[in-house]
Amino acid sequence: MGGYGEVHYTNPTGPGTPPVASLARFVVYLAHSFDDRLALRSELEVEDAKVEGGAAGGEVSLEQAYLDYRLAERLTLRTGLVLPPIGIINETHEPPSFNGVERPGFDHDVIPTTWRELGVGVVGTVPGKVGLAYRVYLVNGIRAEGFSGDQGIRGGRQEGQDASFANPSFTGRLEWAQPGWKVGASFWYGGTADTNSAVGRGAFAAPVTLLSADARYERGPLALRGVVANVSVSDAQAINAAYGQSVGSRIAGGYLEAAYKLLQTLSAFARHERYDTQADVPVGVTRDRSLARRITTLGVTYKPTWNTAFKGDYQLVRNAAGAGEHQVLSLGVGYQF
Amino acid sequence: MQQPAHPAAPPAKVAASIARLFGPGARVDTVSVDTTDVLRVSRADSLLGFAAVGNVLGKDQPITFLVAIDPADRLMDVDILVYREPYGGEVAYEPWRRQFRGKTAADSVRVGKEIRSISGATISVHAVTLGVKRLLAVLTAWHRSGAIR
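Residue numbers (my numbering), protein chains in the order written: chain A, 840 to 1176; chain B, 7 to 155.
It is worth saying that the hints were derived from the structure and are not from the lab. None of these values were measured; they are calculated from a predicted model. Ideal Cβ positions, reconstructed from N, Cα and C, are used throughout, including at glycine. Possibly wrong hints are sitting among the right ones.
As the list claims (entries may be wrong) - Here are the computed lysine-lysine pairs in the DSS-like style, where the Cα-Cα straight-line distance is at most 25 Å:
1) B/Lys119 <-> A/Lys1100
2) B/Lys139 <-> A/Lys1142
3) B/Lys109 <-> B/Lys119
4) A/Lys1142 <-> A/Lys1100
5) A/Lys1142 <-> B/Lys119
6) B/Lys19 <-> A/Lys968
7) B/Lys109 <-> B/Lys139
8) B/Lys109 <-> B/Lys19
9) B/Lys139 <-> B/Lys119
Said to hold, decoys possible - Rough simulated footprint, nothing fancy, chain A against chain B, three-plus residues with beta-carbon under 8 Å:
10) 41-54
11) 62-75
12) 119-127
What the hints assert, rightly or not - Reference listing, derived: stretches of chain A covered by chain B, where coverage requires no fewer than 3 residues with Cβ under 8 Å from a Cβ of chain B:
13) 872-880
14) 924-936
15) 960-971
16) 985-991
All chains, full assembly: derive it from the sequences and hints.
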């Protein structure tokens, strides 16, 4: 049994935007080993402290719940509600593991964390190649019905709720780790039409292809990390026609972050994100340049222990259209155990 | 039913680890100190070193590892015998374990200083580092006190 949680206080500038405090996440991690080979792992999450019938906000959900069957030392079979192994934050999202009160905007609008889907796959290390590991899953697809211009494919996630398996999808990752280093490459490929023949027919109709690369480096007091991703929405025009949206045909971007340990327990960081959920648009959509976002975050993280974090940061939220630009001051605490 | 906090190590894995570290065909005697089995490894009449198996809690599963020291109480190597967690298995990678070689109980062994961490394996890195440090200290103390000789 374990868990993690985070409390946020955010104060954006601009009229009609009062500061908000929220118990953003409270997560209970439960695991059980049936024997030395078979184990259940699960995370049950309450978002924004409570859920009330009929009221907006709040969410109770399973973030992950899967069975691991260790076939061999280097090979595990995994089935259930799994996390697509894409980027850095989706699989490793405990608050002390990242800088900044909120997860990067990129990890909301481009890689839609916490992304989880139902499926089956294998997890292992490459024999004879020390440091090389992989994870590959066959999962339910995402649904084009939920796509949007400003949040890309985020609304298309099914998250294990009566998930349609009309579009089986593949996702996976290859990563290489050394002390101080980790680099990875991830993908997602699958159709999104579900049962809407106006969007497309067949298991791989209206496919989405996501490719991503990430790197983390730590040396002495310095920690660097970066992620890039490119999402191609092949039939964005048909999707927009069917659902009246303005989904981009390409969603792309990334971020770079540098952190420096001022003391053993205190680090300062700077992160710059650039991403556009309409990097390319299909016929019929006029590019909204305010979706080309540039977010700069400056902040500090105080970690009295390695698994607790007190965070403060200041964000400059900008976009290529110069519309609705603002600043956000955030404070937060997070823990894991 | 919970798994025991200190599961026994598979004997074949321990034997393979000892053979890798001390060479094949070494003589292994088991000496019990308190409740810990210490493996005394020798060849002909000369002592090659000692080894012991330890367990440390990762995120929620015990990580079973082996620590071996030479007759001068220097750490020879760490072996991860059984890893049960879904993430963090990078602690078994040789380039990470190598960082412990040559350490003594008097040396400082800290994550982020002498021991470089691995991103995404933070819990296991901290757990194994702590476990190795404790086992190294215990083996060294027993050797110096003559509890193992």
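Please name the hints from earlier in the document that this structure breaks, with their numbers sorted from lowest to highest.
Per hint list: 10 and 16 violated.
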